Amino acid sequence: MPSSISNFKERLRLPRLFFRRPSREEQIHGGPPLEFERPIPPAPWRGIAVVISIVVIAVTTAWELYCRALGYGPTLNDNEDLWTMARRRVQPESIVVLGDSRAWFDVDLDEFQKGLGKRPIQLAMAGSTAWPVLDDLAKDESFHGTIICSFVPGLFFAPPGSPPMVRAELGEKRYRNQTPAQRVSEYLGMWLEEHVAFLKPDDLSLEALLNELPIPNRPGALVPPRFPPYFQTEDRERRARMWEKCAAPGSPLAKKIQETWPPLFTPPPPPSYVPKDAFFAEMKKGLEKRFADVAGAIEKIRRRGGKIVFVRFPHTGGLKELEDRLTPRAQTWDPLLKITSSPGIYYSDFPELSGFDCPEWSHLSAGDSVEFSKRLVPHLKAALQL
Amino acid sequence: MLFNSLTFVVFFTLVVFLYWSIRSWTARKNLLVVASYIFYGAWNPPFAALLFSTTAMDFWLGRQIGKAKNQRSKRRWLVASVCMNLSMLGFFKYGNFLLENFQWLLARGGVIYQPPHLDILLPVGISFYTFHSLSYTLDIYRGVLQPTRSLRDFVLAVSFFPQLVAGPIVRAGDFLPQLAYAPRLKTGQFFWGLALMTLGLFEKIVLADTLLSGSADRVFNYSGPLVALDSWAGVIAFAGQIFFDFAGYSICAIGAALTLGFHLKDNFRFPYAAIGFSDFWRRWHISLSTFLRDYLYIPLGGNQVRPFRAALNLVIVMFIGGLWHGAAWTFVVWGLLHGSYLVIERVCRLFFEEKPWANTPIVRMLAGFATYGAVCIAWVFFRASDFTIASRMLAGMFGGHPTGDAILSTRELLQIGMVSAGMIALHWAMRDNSFEIAVMRLPHWTVTAIGAVMACAIILTQGNSNAFIYFQF
Numbered sequence: 388m389p390s391s392i393s394n395f396k397e398r399l400r401l402p403r404l405f406f407r408r409p410s411r412e413e414q415i416h417g418g419p420p421l422e423f424e425r426p427i428p429p430a431p432w433r434g435i436a437v438v439i440s441i442v443v444i445a446v447t448t449a450w451e452l453y454c455r456a457l458g459y460g461p462t463l464n465d466n467e468d469l470w471t472m473a474r475r476r477v478q479p480e481s482i483v484v485l486g487d488s489r490a491w492f493d494v495d496l497d498e499f500q501k502g503l504g505k506r507p508i509q510l511a512m513a514g515s516t517a518w519p520v521l522d523d524l525a526k527d528e529s530f531h532g533t534i535i536c537s538f539v540p541g542l543f544f545a546p547p548g549s550p551p552m553v554r555a556e557l558g559e560k561r562y563r564n565q566t567p568a569q570r571v572s573e574y575l576g577m578w579l580e581e582h583v584a585f586l587k588p589d590d591l592s593l594e595a596l597l598n599e600l601p602i603p604n605r606p607g608a609l610v611p612p613r614f615p616p617y618f619q620t621e622d623r624e625r626r627a628r629m630w631e632k633c634a635a636p637g638s639p640l641a642k643k644i645q646e647t648w649p650p651l652f653t654p655p656p657p658p659s660y661v662p663k664d665a666f667f668a669e670m671k672k673g674l675e676k677r678f679a680d681v682a683g684a685i686e687k688i689r690r691r692g693g694k695i696v697f698v699r700f701p702h703t704g705g706l707k708e709l710e711d712r713l714t715p716r717a718q719t720w721d722p723l724l725k726i727t728s729s730p731g732i733y734y735s736d737f738p739e740l741s742g743f744d745c746p747e748w749s750h751l752s753a754g755d756s757v758e759f760s761k762r763l764v765p766h767l768k769a770a771l772q773l
Numbered sequence: 223m224l225f226n227s228l229t230f231v232v233f234f235t236l237v238v239f240l241y242w243s244i245r246s247w248t249a250r251k252n253l254l255v256v257a258s259y260i261f262y263g264a265w266n267p268p269f270a271a272l273l274f275s276t277t278a279m280d281f282w283l284g285r286q287i288g289k290a291k292n293q294r295s296k297r298r299w300l301v302a303s304v305c306m307n308l309s310m311l312g313f314f315k316y317g318n319f320l321l322e323n324f325q326w327l328l329a330r331g332g333v334i335y336q337p338p339h340l341d342i343l344l345p346v347g348i349s350f351y352t353f354h355s356l357s358y359t360l361d362i363y364r365g366v367l368q369p370t371r372s373l374r375d376f377v378l379a380v381s382f383f384p385q386l387v388a389g390p391i392v393r394a395g396d397f398l399p400q401l402a403y404a405p406r407l408k409t410g411q412f413f414w415g416l417a418l419m420t421l422g423l424f425e426k427i428v429l430a431d432t433l434l435s436g437s438a439d440r441v442f443n444y445s446g447p448l449v450a451l452d453s454w455a456g457v458i459a460f461a462g463q464i465f466f467d468f469a470g471y472s473i474c475a476i477g478a479a480l481t482l483g484f485h486l487k488d489n490f491r492f493p494y495a496a497i498g499f500s501d502f503w504r505r506w507h508i509s510l511s512t513f514l515r516d517y518l519y520i521p522l523g524g525n526q527v528r529p530f531r532a533a534l535n536l537v538i539v540m541f542i543g544g545l546w547h548g549a550a551w552t553f554v555v556w557g558l559l560h561g562s563y564l565v566i567e568r569v570c571r572l573f574f575e576e577k578p579w580a581n582t583p584i585v586r587m588l589a590g591f592a593t594y595g596a597v598c599i600a601w602v603f604f605r606a607s608d609f610t611i612a613s614r615m616l617a618g619m620f621g622g623h624p625t626g627d628a629i630l631s632t633r634e635l636l637q638i639g640m641v642s643a644g645m646i647a648l649h650w651a652m653r654d655n656s657f658e659i660a661v662m663r664l665p666h667w668t669v670t671a672i673g674a675v676m677a678c679a680i681i682l683t684q685g686n687s688n689a690f691i692y693f694q695f
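So the sequences go chain by chain: F and E.
Counting in the working numbering, the first sequence runs from 388 upward without gaps.
Counting in the working numbering, the second sequence runs from 223 upward without gaps.
The set of hints was computed from the structure by calculation and includes no laboratory data.
Here the structure is a predicted model, which is why all the values come from computation and not from measurement.
Be aware that one or more of the hints could be misleading.
Here's a subset of chain E near chain F, in silico, CB distances under 8 Å, partners left out [as the list claims (entries may be wrong)]: (1) Lys487; (2) Gln526; (3) Glu658; (4) Gly673.
Every residue, glycine too, gets a C-beta built ideally from N, C-alpha and C.
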C-alpha cells in the first residue's frame with residue numbers, strides 16, 4: 388500500500404476526533420476545541436475540476452447540437468410554475484380560456500384580442516380537466532369575467548384522483564402555495580429553456596429516454612399508456628403552437644402521436660378488486676355530481692355578472708370516431724349545456740368551423756389555429772352577447 | 223430553497239463568492255446569517271421570524287442556565303427551554319394529530335366532539351432546527367458547553383443554511399467552536415466540497431427521483447391488491463429512494479459546508495450493509511440516533527439498568543424517534559418496529575454472540591440481508607399514508623394476493639433491481655470504509671471520470687426540483 392494511503396488511513400482510523408488546546412478565541416464560547424475535521428483526500432483537485440468542467444461542457448454542447456439536428460429548438464416547457472404565472476394575471480374582469488390541450492393549441496390569443504377587445508389569459512392545460520380551475524374561479528368572489536371552456540368529455544368528467552384531475556390540481560396547488568424560491572427558479576428556468584433545445588423533460592430527459600427502450604411488459608400488466616411525445620412550442624403567455632415537424636401532412640411524428648390517442652382516450656377496465664356493478668354505479672354517481680357541481684359553479688359566476696361559453700374544438704380521424712363512440716354528444720355535450728343553461732359552440736355545427744384537418748387527429752396546426760380562432764370569434768361574441 | 227433548484231445554484235454561487243471575497247470574519251459570519259435567513263425565508267418568509275424567535279429564546283435560556291447558581295434552578299430553566307421548543311413543535315407538527323386522537327378517545331367514551339380543524343402550515347425543517355437549538359440548552363445543562371456571548375454566532379449555529387432544513391442535526395457544541403476563528407480557503411477542501419455536492423445531487427436527482435421514486439409512488443398509491451413481485455419491488459424502490467434522497471441531502475449539506483470552511487460529521491455510513499439493527503442505527507441518520515442516544519436513552523438509564531428496563535428504554539427511544547418523523551400512527555409503528563427489532567437483536571446476542579459460527583462470513587452476510595429485509599418491512603409503515611395501505615402492501619408482499627394486479631413495467635422492475643443491487647453491493651464493499659478512502663485508492667482519472675459522469679447525468683436528467691422527503695419532517 389503506498390505510504391500516503393497508509394498515513395491517510397491511519398489518520399482516519401485513529402481518532403477522527405483529535406484534540407488540541409483550545410485557543411483564546413475558542414474559549415470565548417467555552418465549548419470544546421475543534422474536535423472534528425473532515426479528511427480531505429489528497430488529489431490534484433484543481434486539475435480534476437478543470438477536466439470535469441471541460442467534459443461536461445463538451446458533452447452538453449454535443450447533446451445540444453444533436454438535439455437541434457433532430458429538429459428540436461429552444462422553447463418553454465409547460466409546467467405548474469408557468470401556469471401559475473398566467474393564473475396570477477387573472478383580474479376580476481378577465482377573459483380566461485380553460486380546459487384541455489385543444490383550447491391550448493387551437494386558440495390564438497392575438498385573434499381573440501382583436502375580436503373580443505381584450506387579451507384572454509390562457510389557462511388550458513394539456514391532459515387536464517377544467518373543473519378544479521372553474522371551481523376556483525367560482526369561489527373567487529371578485530371574479531366576474533368571461534370563461535371560454537373547452538369540452539372533451541373524457542377529460543371534463545375525469546373522476547377525482549385520475550391523471551387529468553391530478554394535473555389540474557397540481558397547477559391550482561402551485562398557484563396557492565408557490566414559494567418565492569420556486570418563483571425565482573421559474574424565471575431562471577424560462578431563460579434557460581428559451582436558449583437551450585435539449586431541455587425537454589417529455590422527450591429528452593433520462594427518464595423519457597429510458598421509457599423509449601423497447602422492453603416488452605408482462606402479459607396483463609396494467610402499465611399506464613404512454614403520453615404523446617413533444618410536439619409543440621410555447622411562449623410566456625402559454626400560447627402553444629404545433630411543431631412544424633408534426634404539422635406536415637402524414638409526417639412520422641403525427642402518425643406516432645395518432646397511435647398514442649386510442650389508449651389514452653379509452654377508459655381503463657373496471658378495477659379487478661371492485662364489483663363491476665358497484666363500480667359503474669359509483670361512476671354514474673360521480674358523473675351526476677360533476678354535472679351538478681359545474682352547474683352550481685357557473686351559477687355563482689353568473690350571479691356576479693360573469694359569463695361562460697363551452698366550445699368543442701375540432702378533432703378528426705380515428706380519434707373523432709373513438710370519441711363519438713365512447714362519449715356520444717347526446718350523452719355529454721347536450722346535457723351539459725342543458726343542465727348549466729350555458730351557450731355552446733360545437734365546431735361541426737358550423738361549416739366555417741368544420742373542414743379543418745388535425746394533423747395528429749386532436750389539434751390544429753399553428754397556421755390553422757389562427758384561422759380557426761378568427762372564425763370562432765363571431766360565434767363567441769354571439770354566444771356571450773358581447 | 224431546494225439544493226436541486228436553479229435558485230440555489232445562483233444563491234450558492236453568490237454566497238460562496240462573497241464569502242471568500244470578504245476579509246473580515248465578523249462580516250463573513252453576518253453574511254452567512256443573512257444568507258441562511260434568505261435561504262429559509264425563500265419558502266415562507268414569516269416562518270423566518272418564527273425561527274429567529276425560538277433561537278433568541280434559547281439563547282437567552284442558555285444564558286440563564288449558565289448563570290444559575292444551583293442545580294434546581296438550572297433544571298427549571300432547562301424545562302422552560304424544552305417546553306418552549308417542544309410546544310412549538312407540538313403546535314405546528316402535532317396540533318391536528320393530537321386533536322384527532324382526542325376526538326377519537328372521546329368518541330370511545332360516547333362523547334361526540336367535533337374539534338375545529340386547525341389550518342396549520344408546517345414550517346419546513348422545524349424538527350431539525352428545533353433539535354439544533356435544543357442541543358444548546360441541553361449541553362449547557364449537562365455542563366459540556368458554556369453559553370456563547372454572541373447571539374449572532376448562536377443564530378448562525380442554528381440556521382446555517384446547508385444543514386438548516388433537513389439535517390444533519392448539528393449540535394451547537396459542534397458548530398460554535400468553528401465560529402471562533404476564520405477558516406482559510408483551501409483548494410482541496412473547496413473542490414472536495416463541490417465533489418460531495420455533485421455526489422449528493424446525483425443521488426437525489428438521478429437515482430432517487432428519476433430511477434426509483436416513480437415506481438415507489440405508483441405501488442404505494444395503487445388502491446388495489448398487488449402481486450408479490452410488484453409489492454416487493456415498490457418497497458425495495460422506496461428503500462433505495464429514501465436512502466438516496468436523504469443521504470444525498472446530507473452529503474450536499476456536508477459538501478456545501480465544506481466549501482465555506484465548515485466541518486459537519488457524516489450522517490450515513492452505508493446503512494444497507496448493516497449487520498443487525500444496532501449497527502443499522504449507527505449507520506442511518508447518525509445525527510438523530512446519537513441525539514436520541516445522548517439526550518434520551520442515556521438519561522433514561524440506557525443499558526445500565528435491568529434488562530427489562532433497558533429493553534423498554536430502547537422501545538421508548540424508537541417510539542419518540544418514530545413520532546419525530548411525522549404526526550401519524552404509521553410513523554409510531556415504524557419506530558416501535560425498530561424498537562422491537564433492537565430488543566430481539568439484544569436477546570439474540572445474549573444467546574448466540576459467543577458461538578463460533580455466529581461470526582463466520584456467511585452468517586454475517588445472511589444476518590445483513592435479514593437486517594435489510596426487516597428494515598424494508600418497516601419502511602412499509604413509514605411510506606404508507608394509512609394502515610389500510612400498509613396492510614394491503616404487507617399482504618401483497620407475503621403472497622396474500624396471488625391474483626392481484628401487476629402494475630410495474632418490465633423496464634421499471636429492471637431499473638429497481640439494478641439500482642438496488644448496485645446500491646447494496648456498494649454498501650457491502652464500502653461498509654468499513656469511507657468515500658475519502660475510496661477516492662484515495664482510485665486512480666485520478668477514474669475519480670475524474672466518475673465526477674464527469676455524475677455531473678453530465680445531473681444536467682441531462684433535467685430534474686424537476688422535487689422536494690426532499692425529509693423536508694416534511
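Going through the hints against the structure:
1. With a least beta-carbon distance of about 6 Å to chain F, the hint placing Lys487 (chain E) at the interface is held under the 8 Å criterion.
2. A distance limit of 8 Å between C-beta atoms decides the matter here; for Gln526 (chain E) the minimum to chain F is near 23 Å, and the interface restraint is violated.
3. Restraint check, Glu658 (chain E) versus chain F: the minimum CB separation of about 5 Å is within 8 Å; hint holds.
4. This hint holds: Gly673 (chain E) has a C-beta 5 Å from the nearest C-beta of chain F, less than the 8 Å allowed.
Against the hints set out earlier in the document, a violation occurs for number 2 only.
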